[in-house]
Amino acid sequence: MHMADALVAPAVAGTMYACSAAAAAYSIKQVRLETDAKKIPVMGVMGAFVFAAQMINFAIPGTGSSGHLCGGMMLSALLGPCGGFLTMVGVLLIQCLFFADGGLLALGCNIWNMAFYGCFAANLLVWKPIMRKGISRGKIITASLAGCILALQLGAFSVVLETSASGITELPFAAFAMVMQPIHLAIGLVEGLITAAVLAFVYEARPELLARGGERAGEKGRFTFPGTLAVLGAAALVTGGLFSLAASSAPDGLEWAIEKVTGFTELEGTGEWEQSAGAIQELTAFLPDYGFQGTQSPWGTVVSGIVGALAVTVLCVGVCLLFRFFKRRKR
Amino acid sequence: MSHIRIDVEGLTFGYEKGKEILSGISFHAAESESVGIIGENGVGKSTLLKLLAGLCPEYTGSVRIEDIPVEKSTLSRIRSRIGYVFQDADSQLFMNTVYEDVAFAPRNYGLPEKEVERRVEQALKMTGAEHLKEKQIYRMSGGEKKLVSIASVLSMTPDILLLDEPSGALDPKNRRNLIRILNGFDHLKLIASHDLDLILETCERAVLLHGGRIVKDGPAEELLTDGKLLEECGLELPLCLQGRRTYKMH
Amino acid sequence: MRGIDGAIYEIHGMDALAARKQWMNEVHPLVKLLLTLGYIVSVVSFSRYDVIGLTGMAVYPLAGFLLAELSLREGCRRLRVVLPIVCLMGLPDLFLDRQPVLFLGLQVNAGLFSMLTLVEKGIFAVFASYLLIATTSLDKLCYALRLLHVPKVLVTQFMLTYRYITVLLEEAERMTQAYALRANGQKGIRFKVWGSLTGLLLLRGMDRAENVYEAMLLRGYEGDYGYLREKLPFRFGDILYFLFWAALITAFSIWPLLPLVGDLIGRIWI
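Just so you know, the protein sequences line up as chains B, Z and H, in that order.
Just so you know, we're using numbering that gives the first Met the number 0 here: the first sequence kicks off at 0 and counts up by one.
Just so you know, we're using numbering that gives the first Met the number 0 here: the second sequence kicks off at 0 and counts up by one.
Just so you know, we're using numbering that gives the first Met the number 0 here: the third sequence kicks off at 0 and counts up by one.
With the rest of the complex left out, here is chain B (with noise of 0.2 angstroms):
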């Protein structure tokens, strides 16, 4: 579910950085680290088990694939939403870095694909109300199970908006969300499991790791219900924002370079060429004002560009290699 840099346009990726930031600002206020100094090393070692764990191949029983475990809704059974979230947004944060597993600038997108919904969503609205009059291992099940679905449906949901509002695709909307929910239900099936399987030994082993999960860490602004729903809200607001800007800049593209073609056309009035070639346009007219100043280039602007392409990289390598050669001699 990861994003790449080349599926956000910056205006969503800006925004998506914003509102995982609103949320890491908030979790950090809530850790209260000054009462609870523990919680930064157990945060920091609990990423780096995450990050280990999602390595495991677990065997999916008939089927010869393998699944993993979801990382946010764990974490938050262990640390509390707002500890998990902060911990998620570090392995989020070195996969991109280090594994090229997502973007830099999509990084804003997937913390809040995955570890918001993961930690927040699944928490708030499934773990914390089903554990509510205590913990079993029945409850766990269902608890992991409904969390990790609710949260890749959530997840693989804003991956289609992101991706749609940046107006990367000529996919449908509607076509694209038929794909990546079904495909997502699938998966957040067996992490749920995976995740019920852990969590129920951990139960068992150690439960006290369990109970004190959350309240031990000193969050003590617990979510109302009331509160809740604001987050929901705000989470609403901002799916709405993405949706209008998915469908105003949707069009943008071609239609923008048809318009430039026509003023060209206009201009240069080359009406006949139009005639006769029908709907038929061409590269140059997708090309941003490559008009040479009136001028006539000696050979299209295509063969210009894959001379230039050429030179350029012919001088880039030359200037570096040359510059290497200075900077080693200089050693």
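Because the hints were derived from the structure by calculation, they are not lab data.
It cannot be assumed that every hint is accurate.
Taking lysine-lysine pairs in the DSSO-like style, the calculated list, with each CA pair at most 30 angstroms apart, reads [stated by the list, open to error]: (1) Z:Lys132 - B:Lys28; (2) Z:Lys134 - Z:Lys124; (3) Z:Lys172 - B:Lys37; (4) Z:Lys172 - Z:Lys124; (5) H:Lys230 - B:Lys37; (6) H:Lys151 - B:Lys28; (7) H:Lys191 - B:Lys138; (8) Z:Lys124 - Z:Lys113; (9) H:Lys230 - Z:Lys134; (10) Z:Lys16 - B:Lys132; (11) Z:Lys134 - Z:Lys113; (12) Z:Lys134 - H:Lys151; (13) Z:Lys71 - B:Lys326; (14) Z:Lys132 - Z:Lys113; (15) Z:Lys132 - B:Lys37; (16) B:Lys326 - Z:Lys134; (17) H:Lys230 - B:Lys326; (18) H:Lys151 - B:Lys37; (19) H:Lys191 - Z:Lys124; (20) H:Lys20 - Z:Lys134; (21) B:Lys37 - Z:Lys134; (22) Z:Lys113 - H:Lys230; (23) Z:Lys113 - H:Lys151; (24) Z:Lys132 - H:Lys230; (25) B:Lys37 - Z:Lys49; (26) Z:Lys113 - H:Lys20; (27) H:Lys151 - Z:Lys132.
Since the structure of chain B is already known, use the hints to place chains Z and H on it.
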């Protein structure tokens, strides 16, 4: 007798109620002594060290370090005088590079950066680990990590050194090096280990724990040659006294 | 899917690169971080059909790889996660974006160009991030994050996670290996042991966290975690480096430099 640094009187402790690991422990240790704490696995050697460092505050009895009782309010004063070397060097070395890790304690005690640097250099020199200064910790071998973990507490110039199983997972050469470093530290040190050969080479006094109590406290040489007593407490004579090495001597 | 040992190997390799004595590694981390972000933003801002203009942006990663003496092959290997996704996302364009376009005398779908730009964007962004992390150690990167006022808690937690990733990965590897050696050739971890194997890893992690916390306490930790020994000053060279690349990236994203250069050559030639 010289200045008493550790004073334990009637110490009783258990992680769970009713299951006491240590009961009625009393002993003293003075400046520049080196004391080996020996006993079989799980007898409470590490727990005793942790109690001295104030990591398990809910005990009964009295524990005084440099005449300061170990309590919540005195922890930071006490800890600034104690260097505690963990059994697992990976737990102790939590920074990314050697320099950063060795500099952690002096920085936390608010020393100026110049002094921090001097302390780091000095600590690394004492452990013979100067060449590792810029290295990434996870790229080091077990022996190197051990050296650095000792350096990381020496940089806070402790008056008391507590070592938990320092020779575990060390090869003979690194072990020899460790003994050299330990013998070079001339303040009080407590070494908890079941490596009796190490104790014999580094400590003049030994405390034998068994069943939550101190069975014997006396000169290391005397205690560690008492095969019968050691056997009763689940231990064996040091290897060098078991006669296995005799053939090597020729 | 890469294995656990692959991940360990990757981290070690990255660290070795960032630890080299190389002038690119000495450039101020904040400069490199900002340039990387700025570059990625400019790349993804390119119009969907502007293949030629976007190609010009290859200058930054190309020069970076050459100057930092990085292996292009290693960079390409890092594309294996991103490239399939990006291609998959671009593929529908090929069929849905049917606007015919004349390209070197051939009639093709406009979707071809939008797919190409998408793939190019994916590649360039990954290359630029690789350039950053391969020339900047994590400590320095964290320093840059602090300069950008990223909260200390987050940076500290990030550093600790990074420190213990290899430790826990090695532990996980030992456990899965021990499992595989007695599992009679089956792939992956069987359903029955899902919980216990991972759960044990988790408990060990928790115990380790406890020890780490104690080790920190014993060395005077009281919620503050000092790092990076000295202030890294901005040198003249850093500023020059920043200005040079900022200007070049801006130029390439505003003007169609490649066709202009080609045009110029054409004029001189013909």
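Original post:
Checked against the structure, which of the hints given earlier come out wrong?
Top reply: Result: hints 1, 3, 13, 19 break, sorted rising.
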